[in-house]
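Asks: The primary structure of each chain is shown beneath.
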Amino acid sequence: MDVALYLGCTIPTQEYAYEVSAREVLPRLGVNLIDLQYAACCGQPLKGLDNLGWLYLASRTIALADQQGAETLLAICNGCHVSICEAKHVLESDDHLRKTIEEMLAEEDLEIKGHVRIRHLLDFLYDDIGPQKIKKALENSQNFNPLVNLKLAAHYGCHIIRPSSIERPDQLDDPSKLEALIEVTGASTAKYPERLECCGAPMLAIVDKESFQIAGNKLIAIQNRGFDGVITVCPFCERMLERQETISRVTGLDVSISSMYYTQLLGLALGIETEKLGLQLNMSSVEIILNKVTR
Amino acid sequence: MDEPRQIVDFSRLDFEFSNYIKQNTNSNPFVCFTCRTCSSLCTSGKVNVLNVAKIVRQIAIGLKDDVLRSKEIWTCATCMKCQEFCPQGVNPLDMIYFLQNKAVEAGMPTIPKAYVEMVTSIAKIGLIQPPQEVISVDFDEFDRAELELPELSMPDAEKIKKNLLKTGFRQVIKELD
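These protein sequences, in sequence, are chains A and B.
Be aware that the first sequence starts at 5, since it is given in the working numbering, and climbs by one per residue.
Be aware that the second sequence starts at 4, since it is given in the working numbering, and climbs by one per residue.
If you are wondering where the hints come from, they were derived from the structure by calculation, not from laboratory data.
No residue lacks a Cβ here, since even glycine has one placed at the ideal position from N, Cα and C.
One or more of the hints may lead you astray.
Claimed, not checked - Quick list of in silico lysine-lysine cross-link-like pairs, DSSO-like style, CA-CA up to 27 Å:
{"no.": "1", "chain 1": "A", "residue 1": "Lys103", "chain 2": "B", "residue 2": "Lys169"}
{"no.": "2", "chain 1": "B", "residue 1": "Lys165", "chain 2": "A", "residue 2": "Lys92"}
{"no.": "3", "chain 1": "A", "residue 1": "Lys92", "chain 2": "B", "residue 2": "Lys169"}
{"no.": "4", "chain 1": "B", "residue 1": "Lys127", "chain 2": "B", "residue 2": "Lys165"}
{"no.": "5", "chain 1": "B", "residue 1": "Lys169", "chain 2": "A", "residue 2": "Lys213"}
{"no.": "6", "chain 1": "A", "residue 1": "Lys103", "chain 2": "A", "residue 2": "Lys213"}
{"no.": "7", "chain 1": "B", "residue 1": "Lys127", "chain 2": "B", "residue 2": "Lys169"}
Unchecked claim - Which chain A residues stay away from chain B? Per the calculated CB distances, all over 10 Å, these:
{"no.": "8", "residue": "Pro31"}
{"no.": "9", "residue": "Gln41"}
{"no.": "10", "residue": "Leu53"}
{"no.": "11", "residue": "Asp127"}
{"no.": "12", "residue": "Lys139"}
{"no.": "13", "residue": "Ala141"}
{"no.": "14", "residue": "Asn149"}
{"no.": "15", "residue": "Glu183"}
{"no.": "16", "residue": "Lys195"}
{"no.": "17", "residue": "Arg199"}
{"no.": "18", "residue": "Ile224"}
{"no.": "19", "residue": "Gly256"}
{"no.": "20", "residue": "Asp258"}
Pulled out of the complex, with its shape left as it was, chain A reads as follows:
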């Protein structure tokens, strides 16, 4: 299955662990990753500065995927995914804005055809590949390491389930795909009351102390409920939840729990070495999970 991989800004310039583990794991599920060429920012963090500026950047990404003949555009960041999906909705529903954007994109010899399907890692794995096929890939893996001793909390992030006015990878009120994907690895999971809370990352550059408090409140709740770790699918969420040293210092909460990308977790179950999954870059107490999965 060919997919155009769109990494956005944060993943290819800083959150390398997500990229490394995605490139390691997805091909083992029969996915052929073709990097989207000449990609720029999706515009999401800058929507507040100017709506047209945001729409141009997000639409440009769709136009690139169309131009490069992609059937599926895989955006593995929650922010990128919501940005592109919202832009697609605006382009389809507002002729005036669409015309303005088409004129801007024409300057770069780009045009919106609107053929490409937009996927996030979550719905791509759950709906396009499916838990059964992932299970088979695990069982066929020579180094299959079922993660039966782990109890893990799912952290979806806000932008993957909202807004309900457009199609999102999972349900607004009671998403369940990430839990299902966690269970495929052999680990157990449970829905907890703080599950759909925000990580606080979008506030970090504006009010850092308060954003650490938001992250700390969620992490301490997960920790107190007896989970071994938290699993994420967004680079902003993951980076925020990994900053536990700062969170503890700033908030006075004693936070110490593993946090990792789903692609890293799946990699562990496939028996891939930790360095190939970028786990050496993880700033959370990742040893809690690693000590339980090492055979």
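Following the hints, put chain B in place on chain A, whose structure we already have.
Replies: Chain B only, in chain A's frame:
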């Protein structure tokens, strides 16, 4: 936010602005019946930096300048809960995005520096920042090459910049030039 308490000056109300929001965005400040569902769910509200219900009411009664000048509108976490669960379809998040856009247009000094830096970087290289060196838990430094990641395919940033200058981003790109 630590802003000095100021008694509202009701002599300078701007209903035109409130009506403009109602007519031109997905938000409607006038249908709010102050149930405060938005505030009770608000991520930034939980740490007392944003009072979203207050902003909706301020706009409904025409206090445009007070809101546009406030730092508070920039503390939204964009979690979208207010939008989803408002029983009246006020759409506070869309309103906040709109207010931020207008604050940029008006050249307010409250625009967060981090955003200005991001836009300026996009105008230069297409991304909000260039690839960084990161540190592992053992204090080893890593970049893309050391992690055997493929070279990044960078866009033609000149063309992007030209297009960005046609949008409201020009206000902030200009500031750094």
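Asks: Please confirm whether Asp258 of chain A is truly not at the interface, meaning its C-beta sits more than 10 Å away from all C-beta atoms of chain B.
Replies: 19 Å, holds
Asks: Can you confirm whether the C-alpha distance between Lys127 of chain B and Lys165 of chain B stays at or below 27 Å?
Replies: Holds, because 11 Å separates the two Cα atoms, which is no more than 27 Å.
Asks: Checking a non-interface call: every C-beta of chain B should be farther than 10 Å from the C-beta of Gln41 of chain A. Is that right?
Replies: 4 Å, violated
Asks: Is Lys103 of chain A close enough to Lys169 of chain B, meaning Cα to Cα at most 27 Å?
Replies: 14 Å, holds
Asks: Was Ala141 of chain A rightly flagged as not at the interface, with every chain B Cβ beyond 10 Å?
Replies: Non-interface label on Ala141 of chain A holds, nearest chain B Cβ at 23 Å vs cutoff 10 Å.
Asks: Does Pro31 of chain A clear chain B by more than 10 Å, comparing its Cβ with all Cβ atoms of that chain?
Replies: Check passes; 13 Å lies beyond 10 Å.
Asks: Could you check that no beta carbon of chain B comes within 10 Å of the beta carbon of Asn149 of chain A?
Replies: Its Cβ never comes within 10 Å of chain B, the nearest being 22 Å, so this holds.
Asks: Per the stated criterion, does the least C-beta distance between Glu183 of chain A and chain B lie above 10 Å, as a non-interface residue requires?
Replies: 20 Å, holds
Asks: Assess, step by step, whether the Cα of Lys165 of chain B is no farther than 27 Å from the Cα of Lys92 of chain A, and give holds or violated.
Replies: 22 Å, holds
Asks: Are the Cα positions of Lys92 of chain A and Lys169 of chain B separated by 27 Å at most?
Replies: The given pair, whose Cα atoms are some 20 Å apart, holds under the 27 Å limit.
Asks: Is Lys103 of chain A within 27 Å of Lys213 of chain A, Cα to Cα?
Replies: Roughly 42 Å separates the two Cα atoms, so the pair is violated.
Asks: Going straight from one Cα to the other, do Lys169 of chain B and Lys213 of chain A come out at no more than 27 Å?
Replies: 36 Å, violated
When the structure is compared with the earlier hints, violations turn up for hints 5, 6, 9 and 10 and for no others.
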